[in-house]
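Undergrad: Residues per chain are reported as follows:
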Amino acid sequence: QITLKESGPTLVKPTQTLRLTCDVSGVSLKNTGEAVGWIRQASGGALEWLAMMFWNDEGRYSPSLHSRLSVAEGAARQQVVLVLTNMGFDDAGTYFCAHTGPFFAFDAWGQGAVVTVSS
Amino acid sequence: QSALTQPASVSGSPGQTIAISCSGTNGDIGAFNFVSWYQQSPGKAPKLIISDVFKRPPGVSGRFSGSKSGNTASLTISGLRPEDEAHYSCSSFTTSGLLVFGGGTWLTVL
Numbered sequence: 001q002i003t004l005k006e007s008g009p010t011l012v013k014p015t016q017t018l019r020l021t022c023d024v025s026g027v028s029l030k031n032t033g034e035a036v037g038w039i040r041q042a043s044g045g046a047l048e049w050l051a052m053m054f055w056n057d058e059g060r061y062s063p064s065l066h067s068r069l070s071v072a073e074g075a076a077r078q079q080v081v082l083v084l085t086n087m088g089f090d091d092a093g094t095y096f097c098a099h100t101g102p103f104f105a106f107d108a109w110g111q112g113a114v115v116t117v118s119s
Numbered sequence: 001q002s003a004l005t006q007p008a009s010v011s012g013s014p015g016q017t018i019a020i021s022c023s024g025t026n027g028d029i030g031a032f033n034f035v036s037w038y039q040q041s042p043g044k045a046p047k048l049i050i051s052d053v054f055k056r057p058p059g060v061s062g063r064f065s066g067s068k069s070g071n072t073a074s075l076t077i078s079g080l081r082p083e084d085e086a087h088y089s090c091s092s093f094t095t096s097g098l099l100v101f102g103g104g105t106w107l108t109v110l
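Protein chains in written order, with this note's numbering: chain B, 1 to 119; chain X, 1 to 110.
It should be emphasised that the hints constitute simulated quantities derived from the structure, not laboratory data. Treat the hints with care, as some may be off.
Keeping only pairs whose Cα atoms sit at most 25 Å apart, straight-line, the calculated BS3-like set for lysine-lysine is [as the list claims (entries may be wrong)]: (1) B/Lys-5 with X/Lys-68; (2) X/Lys-44 with B/Lys-5; (3) X/Lys-68 with X/Lys-47; (4) B/Lys-30 with X/Lys-47; (5) B/Lys-5 with B/Lys-30; (6) X/Lys-55 with X/Lys-68; (7) X/Lys-44 with X/Lys-55.
Sample of chain B residues with no beta-carbon within 12 Å of chain X, all distances over it, derived [as the list claims (entries may be wrong)]: (8) Glu-48; (9) Trp-55; (10) Glu-73; (11) Asp-91; (12) Val-117; (13) Ser-118.
We put the CB at the ideal spot given by N, CA and C, even for glycine.
Please model the complete structure; the sequences and the hints are all you need to start from.
TA: Put into structure tokens, the structure is as follows:
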């Protein structure tokens, strides 16, 4: 069974950088074809795909946020870190990490991390 | 890339069959058979119910089915039950190697 869990700050100030960590268990992220994605959802809003990190450390990003986003392997082997710079009020919401194969069908999700942006 | 287009809401009575559409372009839905559907209850994480247009993951009820025609995908739920009331979102792989979600549809079971 694949499980994921997000962790990070619940409150950030405008212009600050958000750093979220996703801990993954039940699968090796270095197996060919494995990937972890980041998706966010504003309160009452639609799901928005942010980024993806593949088994070969390749990252792909939403075009609308590409200049502010990065994903990388965390300090621990089964971790994926999302970094979003220059946070604004419209970046508030729930941030999910999820597991997928190469074509972006997310078959396991974390519980979500709620992020508030406030000065 | 633009979001896929879904109706904001649909409704049906218990036992009925409903369909939710998801419209895209030649650059996403029309290009590949990599359309997924997710069910999400308030305050919960989404759950994958359909992948690759029509494939049901283990444990997902056979009352859920998916299809595609041209640039439009559809999720059909038959034998509607009160517990099906939830938010449903589609997604598609794109020709840019990226992902796009739909705006989501709230299903009300009357």
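Undergrad: It remains to establish, for every hint, whether it holds in the given structure.
TA: Against the structure, the hints come out as follows:
no. : hint                   : verdict
1   : B/Lys-5 with X/Lys-68  : violated (33 Å)
2   : X/Lys-44 with B/Lys-5  : holds (13 Å)
3   : X/Lys-68 with X/Lys-47 : holds (20 Å)
4   : B/Lys-30 with X/Lys-47 : holds (24 Å)
5   : B/Lys-5 with B/Lys-30  : holds (18 Å)
6   : X/Lys-55 with X/Lys-68 : holds (12 Å)
7   : X/Lys-44 with X/Lys-55 : holds (23 Å)
8   : Glu-48                 : violated (6 Å)
9   : Trp-55                 : holds (15 Å)
10  : Glu-73                 : holds (20 Å)
11  : Asp-91                 : holds (17 Å)
12  : Val-117                : holds (20 Å)
13  : Ser-118                : holds (21 Å)
When each numbered hint is compared with the structure, violations occur for hints 1, 8.
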